[in-house]
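Please dock the two separately framed chains into a single complex, following the hints provided.
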Amino acid sequence: MNRMMISAASALAMAVAVSAASAEPAVVYDAGGKFDKSFNEAAYNGIEKYKADSGDSYAEFEVQTDAQREQAFRRMAQRGADPVIGIGFSQATALEKVAKEFPDRHFAIIDMVVDLPNVQSIVFKEHEGSFLVGMAAAMASKSAKVGFVGGMDIPLIRRFACGYAQGAKYADPDVAVTENMTGTTPAAWNDPTKGAELARGQFDQGVDVIFAAAGGTGSGVYQAAKDAGKLAIGVDSNQNHLHPGTMLTSMLKRVDVAVYDSAMAVKNGNWQAGVTELGLAQDGVGWALDEHNASLISDDMKARIEAAKADIIAGKIVVHDYMADSSCPL
Amino acid sequence: MDDLFALTLSTLAATIRLATPLILCAMAGLLSERSGVIDIGLEGKMLAGAFAAAVVAAVTGSAAFALLAALLVAVLLSLVHGFACITHRGDQVVSGVAINIIAAGMTVVLGNAWFGRGGSTPDLSPDQRFMPLHLPGAAALRDVPVIGPLYADVVSGHSLLTYLAVLLVPLVWFLLYRTRFGLRLRAVGEAPAVVDTAGISVVRLRYTGVMLAGLLCGLAGTFLAIAQNAAFQREMTAGRGFIALAAMIFGKWRPWPAFFACLLFGFLDAVSIRLQGVVLPGIGTVPVPLIQALPYILTVVLLAGFIGKAMAPRALGTPYVKER
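Line order of the protein sequences matches chains E and B. With our numbering, the residue at position 273 of the first sequence is 277, and numbering never jumps. With our numbering, the residue at position 159 of the second sequence is 1327, and numbering never jumps.
Just chain B, with the same shape it has in the complex (with noise of 0.2 Å):
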């Protein structure tokens, strides 16, 4: 009993951890998206913000600059993705694709060149990373019983971008649902023509709804590369940024339920982590490959059967075109 207690705390631990990046990329997905941008790019402006991060902790040995410089690199690149499919109304999907494999690449090259260590960074000393808090009264509380322990190992020791990215859910909502600037950014996804007749810019709304989905992949870049881990390491986002795609849409577009499928996700990673090797009663030891299949086998049972359809922003996809 005590046994299955200390796994279910270990798991829900894990749990947050592997959720952290795949929230702060759906939340960037989700403002972009919201403005009619489609965001393929999560991935490679996450990894390029890790990179940027790793670079700059391992050069200054300041993790809040390291913040910094993937920040400012990941909006940088979503930049990019603005001009090419803002001003000049190119395809999103293929700048979104080009933004990943520019990151793939980029990353490695300017790693072997500097550092000339297959693409990964030198490794950070605790100083240099954001490292795990422990918010006060875990120690105190821990032998309250079941309360104590969740709130010592669940709640508290993650790192600052964690309960930054939760914190981020509640907010990314109220600007949406809450302020002027929310409704502008829905109603440009939907339908630009008349926020254009309303006499408010689309393009500037469509380029802060891109930039502000890049400062979050920033976030998530630096949480990989110095939160979680102490070194870049090429590819390391590992599919990351489209899991979280695929959380946003599954949450049909929607911060709180984009969250729940985020933290579902993370559950499941967490689980399949933890079955490994062991033996059920009546089946014996569940193969590896099943296991690791199990996060997207429930995901296409969930999508087939319980979440129903999911409705795109209108104008997602479409670059506008003012009527002359």
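Bound conformation, chain E alone (with noise of 0.2 Å):
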């Protein structure tokens, strides 16, 4: 009896130990929550066709409170999943404590650096993607206004402005650009209300299309835009679809190709610690172009963008990036 039940304990513990061999990735994602039609989807969308391709299925974990970021990430390390993605820049501190305290595992997160050798930390450029729906903001707009409205003021969030400034002013040099933000605390995330009188706001100061990065706050600015039959930009996901004809683009951030990428790496065994940069070279940010908003872009306006993005790949346009020095030269 005895020694069946050690069998039984040790053909248990195999078990765990086979488990875990064939981990499983996990995400866990942003306080956004994973159908927010934007950043958190993104990733939800590249470990589906993760899950999709490779057979296997993923841990998830949707964080509501600050306090909830550690004990996720601790929880799902424990369980053995392999890598444990982190959507987010607020998720930094919590993954990298985390991550030291299981150094044979391997992490990941997006939009920020954490400097360990089982970290592989995945920023995006988003000043060169901001600087094509800058271009094309500038050159749709009538009234060579045109505006920006971010979320929770931050420097990434500044990134975006610097980029999309940058574009509108490179492709019509006497474009005026106005520049918002929600808010300087996380509940600049999801205040539409905000969104939609920033918005309101900037259209009675004669802006005619506006580039939200705000969250949950962009969509009270494309429904503002929608109200008053002007144009709106949306961000990270493909939000065209959102309000088909005052949808002028969207600036897209792969973010699903960076989270398949890192799960299907250590599927495949060629994971890599480090930082990796996704920028317009390695199609990590990008302009949207789909049946919904092509009747709003001329020819004209894609072939400029299309030829934009290809001297930045080349390096012959240099986009500045907020973040290396905080300043915006314009």
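Some clues are possibly wrong.
Here are the computed distance ranges between Cβ atoms for each label pair [claimed, not checked]:
(1) 1171/B x 58/E: 55 to 63 Å
(2) 306/E x 1472/B: 57 to 65 Å
(3) 191/E x 1452/B: 21 to 29 Å
(4) 61/E x 1420/B: 58 to 66 Å
Rough simulated footprint, nothing fancy, chain B against chain E, three-plus residues with beta-carbon under 8 Å [stated by the list, open to error]:
(5) 121 to 127
(6) 186 to 195
(7) 217 to 225
For the record, the hints were derived by calculation from the structure and aren't laboratory data. The beta carbon of each residue, even a glycine, is placed where N, CA and C say it ideally should be.
Below is the structure:
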């Protein structure tokens, strides 16, 4: 009897060991939630694609409060998840702490750099993608006034704003760029009322195209643009379908590709730690053109944007990165 | 000069839009607190009302049904509040905080379960919402100097709920100061034992106050979700219930002063939106955090220097225990 129990226990232990060896990836979403139609949803699409291609399942967690972040990572690591992928810059502190506790496990973080030997940091050159939609905005604007609505006032969002302004000025040196930030606390990511009000304020000043990089606040901006018959530009995911006809384009940030690649790399055994920078050259950022906005983008606009894209990739145009020196040379 | 006038008009219009949910919530808080029940759950009731309105508008396509649903849900939550702290004499602040937490959690959970969009609801088309109304003569009067644009751009062009909110202020004032019910409601907030001695039910009066507060919070939620926006989004009230509470205290629990406090907060919000990125002579660009702190700084200054002592209803926060 006793022997049987021991063998059963060892079989169980082996089963656990086996499941740990063929580990499944885990995704910890940021506070926006996995169906935010934007940043987190892109991560969700990436891991769903991994699931479809590899046949593996995955674990996931949606963070509701800051206190949950560390617990979520630790729990995922304890369950044997590999890699553990943190979505969003606010996960950095928690991920760093847990990554130190599990040095033999792989971690990845989007939008932030965590300098540890078992962490892959994936950052995007948002300024390059924003440059292209800035060009689109300036060319589509009839009043030569374009606007930007940011979420929380942080350097990352300033990077969007700065790239956008550079692109707008590149396409039309006379264009005026109005920038607004929604707030200075995380509540600024979820305040569509304030977003709509910021957009209306800009429309009143003559702005007729607004780029919103503001999470849930952005949906207020897009709605205000629709109500006023003006144009808006989406962010992170392709948001053109939200309001066809008034969504000029979207600045794509391929979080889905980053998540997919990171999970696949662990599965295939070619995972690498360190910082990965995804720009236009790597197709990590871009602009969206589909059936929902085809009528808003003229052939001339498309040609100029694509030419600028090629120039940026070739290094002929250098888009200044706000986060390099905390200033925007305009 | 023309630019400045246009900017003033747009700021004033934005002030009214931004102040609407504050006015509704402040009147709600006033009715509840004048009866002696602290209402810190304005935020939660407004959020739940907003969610109910957005869901029903999306499912039935009718803004009227949406309004009814929002009123119902907000009143139900206020009944929970009443049950906890009038019937069972629980702590009113704790119950209010609980309502805020319930609303914040339930809306996201139900929204995810029903629509799978991270807690937000489907976008609504204009016929499912309370759209801006254009008052008669707005277009015709536009060419009249000063008054024309003022009427067309500031007075006209708001949703039905905004006009209702403004109309509610004299109504609440009349109810409180010119009716028998109002006298009793105020009395029950000051000296419930006296009201009880006079043979009037303290419990019934307080329940009425709390339920009226629920109705107005439901209106505020409806305004946020289907008039000002076109969908519910998690935590979309973003602290407006607490600002309204502050405005009510600012106005010393009286309708007109509370109304003006709401307008002041709305105005500061509207100005802070338009001040961003503006270069002031001699100072340069004002930093965003400073502009956004402006309403709060002004509140502290005004409270400390000009408003004087705020006198709360004397029995506020104390459950009434009938002497045996």
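To see whether the hints hold, each was checked on the structure:
{"no.": "1", "hint": "1171/B x 58/E: 55 to 63 Å", "result": "holds, 59 Å"}
{"no.": "2", "hint": "306/E x 1472/B: 57 to 65 Å", "result": "holds, 59 Å"}
{"no.": "3", "hint": "191/E x 1452/B: 21 to 29 Å", "result": "holds, 27 Å"}
{"no.": "4", "hint": "61/E x 1420/B: 58 to 66 Å", "result": "holds, 60 Å"}
{"no.": "5", "hint": "121 to 127", "result": "violated (count 0)"}
{"no.": "6", "hint": "186 to 195", "result": "holds (count 5)"}
{"no.": "7", "hint": "217 to 225", "result": "holds (count 3)"}
Of the numbered hints given earlier, the model fails hint 5 alone.
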